[in-house]
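A.B. asks: For reference, the chains in residue letters:
Number of protein chains: 2
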Amino acid sequence: MTQSTFAAARLIGLDWGSTGLRAFLIGAEGHLLDTRDAALGASVLQGAADYTRALQELAGDWMQAHPDLPNLPIIACGMVGSKHGWLEAPYAACPSGVTQLVQGLRSVPGTRVCIVPGLLYEPADAAPDVLRGEETQVVGALQTRPELAEKSCIVLPGTHSKWVDIQHGQVLGFATHMTGELFAVLRQHSVLGRLMADSSSEENLMTFLSGVDAVRKHGDLGLTHQLFAVRTLGLTERMPTSGLHDYLSGLLIGHELRSGMAWRRARGLGDAPLVLVGEPALCRRYAQALQRFGLPSAQALPNTAPAGLWQLALAAGLVTSSVIPSSSIATEPLQ
Amino acid sequence: MTQSTFAAARLIGLDWGSTGLRAFLIGAEGHLLDTRDAALGASVLQGAADYTRALQELAGDWMQAHPDLPNLPIIACGMVGSKHGWLEAPYAACPSGVTQLVQGLRSVPGTRVCIVPGLLYEPADAAPDVLRGEETQVVGALQTRPELAEKSCIVLPGTHSKWVDIQHGQVLGFATHMTGELFAVLRQHSVLGRLMADSSSEENLMTFLSGVDAVRKHGDLGLTHQLFAVRTLGLTERMPTSGLHDYLSGLLIGHELRSGMAWRRARGLGDAPLVLVGEPALCRRYAQALQRFGLPSAQALPNTAPAGLWQLALAAGLVTSSVIPSSSIATEPLQ
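One line per chain: the protein sequences are P and R, in this order.
If you want our numbering, it's the 1-based position in the first sequence plus 416.
If you want our numbering, it's the 1-based position in the second sequence plus 416.
Bound-form chain P, shown alone (with noise of 0.2 Å):
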């Protein structure tokens, strides 16, 4: 780390999940100066401590006053804010914009660091659903493509896939989709992972393309039983087993795109951009995905959520755009 980077460095933003931490020195106008990763997620961590002492390990040296310049704030998103994190900070309600993100930050007691409330979205007459960490991603994304503030669907694969609703900037409501997990818990613990080829780690782009195929023709089946197919096509000696994971993705995205593109189409999104943010291979899967459902062109950004934590921080008066922030700011943040 050289002293100009230092220098330059105006915030330190922390994507920090159940599983993951990510740091992102930030540089003036958002700029990214740094990245550095560890599994040091809120599951393994437990009381503030805990909490500390994973911070000062991966970003120790971005932390340390540098004698001619003040302490850098700190934001984080993620499952640090949930109620078995850090410190809890209780979900902003849809419709939910970076104004209502910024009134519900909380501010951890002794220390410089912010964290940005996830969102909660209780339809009229279904089951509430939240998310943590996305919300911060999402105003990256409009910030990365302002154009999308006003009317987008924005999607954001993963271990639980987000699909968000964009209004006139702000996040009119969402779905999650468990696609991600189950995809794991179904090939390590169940019959399905049984015939699968242990070492196969290769990707067999039309072995996937074939599962979502199978729930474009016939999802009206159902996943419960759509499923079973990776057994008996195993066992009937219908697909080599390397593919049989291939397949078994092909089936879960599938499903979650078809009743995704419905969800669209039913809140009104239907000719609204459709935009993928996540890690770029599996937004790939899905972009390929979503062409066998008539959307050719699902563009995808990477991982935006630097340029939301930044913004965050400038609409909270963290940073400001062109100045060092004063360090009554930086360590007394708004509550």
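Under the rule of at most 25 Å between Cα atoms (straight-line distance), these lysine to aspartate or glutamate pairs were calculated in the DMTMM-like manner: (1) Lys499(R) <-> Glu653(P); (2) Lys633(R) <-> Asp636(P); (3) Lys633(P) <-> Asp541(R); (4) Lys567(R) <-> Asp636(P); (5) Lys633(P) <-> Glu538(R).
Quick caveat, the hints were computed from the structure, so don't treat them as lab data.
For chain P, the structure is supplied; the task is to place chain R on it using the hints.
C.D. replies: Relative to the frame of chain P, chain R by itself:
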């Protein structure tokens, strides 16, 4: 075991699944004389010696030739006939009835044991499906309720539920739903199990039905989405944690019924009787859920495996309807 029970015995029937072995001592006309079971399923056995020992352990005294009586023939169904079972009895192809099943019987060399084949269903344009053990329960159900043979839908709830299309005394096709396994795997290994009260095995019918109703009303949101409500309803304290497993069960069974009922209509069975076969408490739950789907009076049959095993043994000539089988038939079952 009295001398008279032995004297009345005609057949030993085995329902030998992945996790358990159930043995039935069957008398003239299929009358059930005794039942035993043990956790000696195919998944914990390897090789002929294991199977022989397990059978000896559970039913050794039944198998002992009584001085005055011939050795009893033995007929077995279930995973015992799979590729990794005692001896493979290759799947019979649908459409299939008693005749095809008897043609597919395999006798285990050096024993008096005959194994019933499973069924393979290959739809024209979808993935193949398989079952083992349920074919025998279906034969037993049609024996118990002959009016179902012409046209009916037999549903066998369980780890892997089976929906079976019966027409003209034959199995035309069927569909597996991994409902029970999904429930177990999600409860034990996913985030959905985390908030569930540990000790709760109490059943709450209303909560179960609210899960079923969520599918009935909003099933188009998709299972991958709706499952997440098990977490959010607990997290937001909208549902006591003691009810979450019932709600999960309602969602999964609800999605099975939603797809199963559509499948039934698509196969022209909309007006044919639907009968549940299996464990009474589980069948009761399915019947209650089916009511919500507009089917008020689904009847349930308890375990029909013994009746099916008797019927298949009879058709194979292993036993006769009113005469003690000759030892030559008993020791040399048809190939």
